[in-house]
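Chemist: So you can see what is in the structure, the chains are spelled out below.
Number of protein chains: 2
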Amino acid sequence: MSDTITNSDLYERVRNEVPSQLDVSNVQYEGPDLVIYTETPQEFAKDGDILGTLAHALRKRITIRPVTGTQSGPSEAEAVIHDVVPDKANIHNLEFHPTTGEVLIEAEKPGLVIGQRGRTIREITQKVGWNPEVVRTPPMESSTVDNVRNYLTQERAERRDFLEDVGEDIHAAPDKDVDWVRVTTLGCCREVGRASFILHTPNTKILVDCGDKPGAEGEVPYLHAPEAMPLPEIDAVVLTHAHLDHSALLPLLFKYGYSGPIYTTEPTRDLMGLLQLDYLDVASKEGRTPPYSSEQVRQAIKHTIPIEYGDVTDIAPDIKLTMHNAGHILGSATAHFHVGSGFHNVVFSGDVHYEPTRLFNGAVNDFPRAETMIMESTYGRKNDFQTDTEKSETRVRRIIRETYEQDGIVVIPAFAVGRSQELMLVLEEAMRLDEIPTMPIYLDGMIREATAIHTAYPEYLRDGLRQRILHEDENPFLAEQFQQVDGGQPMREEIASGDPCIILSTSGMVTGGPIMSWLELLGPESDNTLLFVGYQAEGTLGRRIESGRTEVTLEGQGGRADRLTLDCRIESVSGFSGHADRRGLEQYVEEMNPQPETILCVHGDDRATDELSSALYQKHNIRTHQPKNLETFRFS
Amino acid sequence: MSDTITNSDLYERVRNEVPSQLDVSNVQYEGPDLVIYTETPQEFAKDGDILGTLAHALRKRITIRPVTGTQSGPSEAEAVIHDVVPDKANIHNLEFHPTTGEVLIEAEKPGLVIGQRGRTIREITQKVGWNPEVVRTPPMESSTVDNVRNYLTQERAERRDFLEDVGEDIHAAPDKDVDWVRVTTLGCCREVGRASFILHTPNTKILVDCGDKPGAEGEVPYLHAPEAMPLPEIDAVVLTHAHLDHSALLPLLFKYGYSGPIYTTEPTRDLMGLLQLDYLDVASKEGRTPPYSSEQVRQAIKHTIPIEYGDVTDIAPDIKLTMHNAGHILGSATAHFHVGSGFHNVVFSGDVHYEPTRLFNGAVNDFPRAETMIMESTYGRKNDFQTDTEKSETRVRRIIRETYEQDGIVVIPAFAVGRSQELMLVLEEAMRLDEIPTMPIYLDGMIREATAIHTAYPEYLRDGLRQRILHEDENPFLAEQFQQVDGGQPMREEIASGDPCIILSTSGMVTGGPIMSWLELLGPESDNTLLFVGYQAEGTLGRRIESGRTEVTLEGQGGRADRLTLDCRIESVSGFSGHADRRGLEQYVEEMNPQPETILCVHGDDRATDELSSALYQKHNIRTHQPKNLETFRFS
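Chains S and W are the protein sequences, given in the same order. In terms of my numbering, the numbers along the first sequence are unbroken and rise by one, the last being 632. In terms of my numbering, the numbers along the second sequence are unbroken and rise by one, the last being 632.
Errors might be hidden in some of the hints.
The list makes no distinction among identical chains, and a pair is therefore deemed to hold if it is satisfied within one copy or across any two copies.
[Unchecked claim] Distance condition first, Cα-Cα at most 27 Å in a straight line; then the derived DSSO-like pairs of lysine-lysine:
id, residue 1, residue 2
1, K172, K624
2, K387, K281
3, K123, K378
4, K251, K172
5, K615, K84
6, K42, K123
Keep in mind that the hints were calculated from the coordinates and are not lab data.
Using the sequences plus the hints, can you model the full thing?
Modeler: Have a look at this one:
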């Protein structure tokens, strides 16, 4: 049977499923969702099961919208909402959108706005006719979250047109039989960086990730490969997570005429915006011409269609996408593509951490079907074993104590997103339990802002942590020793010449940003410690220092190069990576259900991808490949 | 140093290399060749070494053309030519082309027109100022060769414009550094048929072959793959040989807007025209709509730039092509691509026969460099050993004698091109040596015409055979027992009801053509023999009969299907294949110099490519792949 439905067919299908006493004025696709316009939104809200039954029958996510004119006036509605919702929810903001009949309710405790099994929200609709959309007021103020929300509010009308267009494309009949599925590697093969892949079928072309390569700014994804071109004809973009080696060049697509959707999780959307704007900032500070402007970052955000872990979402006539927790950073996902009607299933692992961490649950490796996997291999080498977390934490605490005892400062280069928050949790606990002396922990660069975004999406954090964040007095990120470096270079100089403290600063691979100042200020002194806690890619200054280089050259102000001799203690503690180590990668595959028939090992250097693919083949008898960039594999 | 030369640069370079007493009026690229226009063609002709020295210094093939007005008048020139050339050369035709200053001399013995080390030809130029182009009058009249030559004469002016355009493209500066080479499989993987590959670099896109799939007419090369599209932007087409599974769909490219060159050998150009026209004919007889018309076949011929075995030819700013004898059929070639300045070398084996046969020398497997090979695997299975030729010939003779003794007729389905001529040589010899009774050998379909083309290009045949053909009284193809079936169905019926004889008829895989009539006439009689001597592809009627099926259905006149029960003797003799057997393929690789680092096993069914690639990997430690269609491999 064909999946095609013209709009009148669609109307008939919906009408047939909806109880006859309920009005269906119109139906419309908006992106992957089905929107039902009704003159009786109250009736739809009465029965909590109607939407579920309907979603199941039509195999779509359903949104109900009141036909304009059937709702109470905003001021009347506002009063009712405040009446129905318990005060403890702490509503911060109400926004009425007459064109869609929606009311945005921002509250500190959105759970209380929604009510048990959606009871409160349904009561609101019944009483006022408006359809509530509930968002959380972040426990820490985040300018990123605010900006994104305000921007999307402002672009609401245009965005709705966009979603209708996307909806039409997704629900069109596929032109051709799906008799092949291909993956083209545009980057990220035998290297770490510039993650970018094309997944294509006879009908559809999907771009998965589009990152830069840290330490090699000229090496961008092969977007001019014929498999990717012309870029405006790409049907959809899927982003696994916000790190720049996966997201940096997404806005470039809009510069080149792409105007389709980006599917990713909501926190990834916000983090991506934060990191991309910083990417532009760093480029301009380093005197490079950024490849795109902030306008294209906004375009990317406007074209993002957020999806939640586990939601099966139509993104093309012949492709369904499901994103699953990947355990790597906030919002990070493994992308599962179901192609055709049971024809083939391709999983892009994205960056994964298989064991749970303080921040996140471990990566999901359980799928209905999965014949092919494109898998990260960052720590794929034979001996890439990280010390276990407990030992790593013990070592970090010891290094901090030792540096403190000799009156030194510990400076930790860290990704703004991911390891910083993990480390904040470690340090906060250690101080709380008196395992290290309590001292200031300075956050430099975007770490505080990134942390605020974490607290805005507690659903994406590990269970216990989520609970603690939702109770302000236990929110570990609000501990008073965390202080933002917001006074620029003078403040840094003051800190550097002051008492023992800990500094967390971006960038994580020492390729730019405030860490360069810290290196200059603290590197030459032997009582300080430079502590690496994350992966240092080839070509980065971090990797060079980690490999023993103590003479380094920094690009100073005005293009002048400063030579610097590092005399501080240099340490690496490996247990804090956001990546599974070799054991974790093997275990991830071993326990994967079902086991894939074919695995492409990517996102690792030459040796890592080689050794991992050999091991998976030999131990698990899985067909493995170690692709090069610019290759195309066919599965089917 | 850049390879670019603007025309004035080029002029300077040529001027510097040419002795100052010789005039250089203009220089121009025509396709891969460099043409020098001069007012003193006589002077250029005086010294046999000038051209060689110049070609070496400029690394180009050089053509000298007199500036218009410097030559004798045609009638005067004609007299001089007849005077200078010995009568034994038997000049059949002289054509003067004032626009290019060339005179086409067609003679029975072109060697005598050329003279020792080109002495005679230079004498002609010195005396008349025209530049002679010498071609052979085929010892057997060939309408194909005639038609192609006449057509090219007629299109001479347009063709010259085309060659100038191609020359500019070839000798432009490459836009980008060559830092990758890719091959995309558009067909011919895990199957025999629809050979078609894209070889691409950052600057250039080459299509190698574009064939159909015998027995599966709907399965054409994946020309709509993004790696191939848009077709008009393909820079050049290279054809390894004329068989339809490599050439059938080339004319389609011109229908889709391609207007660039096809590089192949001269005999392949003529055979390709013959086979493509027959392909159209068969399609229309079978009631299928042919995918293109004869006009596009002419386009393909007009756009062919013939190259000789061993000539290193620039075909793109970053690619040099050299074709080598592949031993498979007349003009068949292995295509060696030298990419970039020493960056990478890719060899497409084409279809190969490694041992010499009666017709051809064995395939060349000696190259300056060769990192990657795309290799045929027709007989790649573990047990695909053919009986040796001597035993095969003995068996054929025995089968013929036995059939003769029981008053039967032997009918042999054969490709018009290749095996038919091999068999003709076997049969002619056997009759001459009285090893089988002398009886008529009827040639049906295009076999006689294809044979005539063979005799037009004796340089492409094995040494001894070439000598015999050039002496009319020894030309084995002119033996009187060879008789053309030129009387249609009545003549076939008469032959079928007559005395013992041998019939060679197309098509070789019993997929159409006159062999269908012979099957109907001779198949039901137990005293006849159906003798297979070539590879029968999956899906063809030949394969079904060979595997024991005796109940067959023939499409009769007017769409009516005739059921037929075969009662004749059915035999297969394997030693006559134009393909190397498993031993030959292994030996070809084993003795290849240098050994390639990577081999892609294609042009064989699933088992053949699998078993050959495993064996080459295990025995020779070469990285091997068994590609699927629609995959892209990167080499570098």
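Chemist: With identical chains treated as interchangeable, where does the CA-CA distance between K42 and K123 reach 27 Å or less: within a copy, between copies, both, or neither?
Modeler: within (10 Å within a copy, 106 Å between copies)
Chemist: Checking an output row: K615 and K84, CA cutoff 27 Å. Within, between, both or neither?
Modeler: neither (55 Å within a copy, 76 Å between copies)
Chemist: Taking 27 Å as the upper bound on the Cα-Cα distance, should K123 and K378 be classified as within, between, both, or neither?
Modeler: neither (63 Å within a copy, 78 Å between copies)
Chemist: My question is about K172 and K624: at a cut-off of 27 Å on alpha-carbon distance, are they close within one copy, between copies, both, or neither?
Modeler: between (29 Å within a copy, 20 Å between copies)
Chemist: Using 27 Å as the alpha carbon limit, work out where K251 and K172 are close: within a copy, between copies, both or neither.
Modeler: between (30 Å within a copy, 23 Å between copies)
Chemist: For K387 vs K281, is the C-alpha pair at or below 27 Å within one copy, between two copies, both, or neither?
Modeler: neither (39 Å within a copy, 80 Å between copies)
Of the hints listed earlier, those the structure fails to meet are numbers 2, 3, 5, in rising order.
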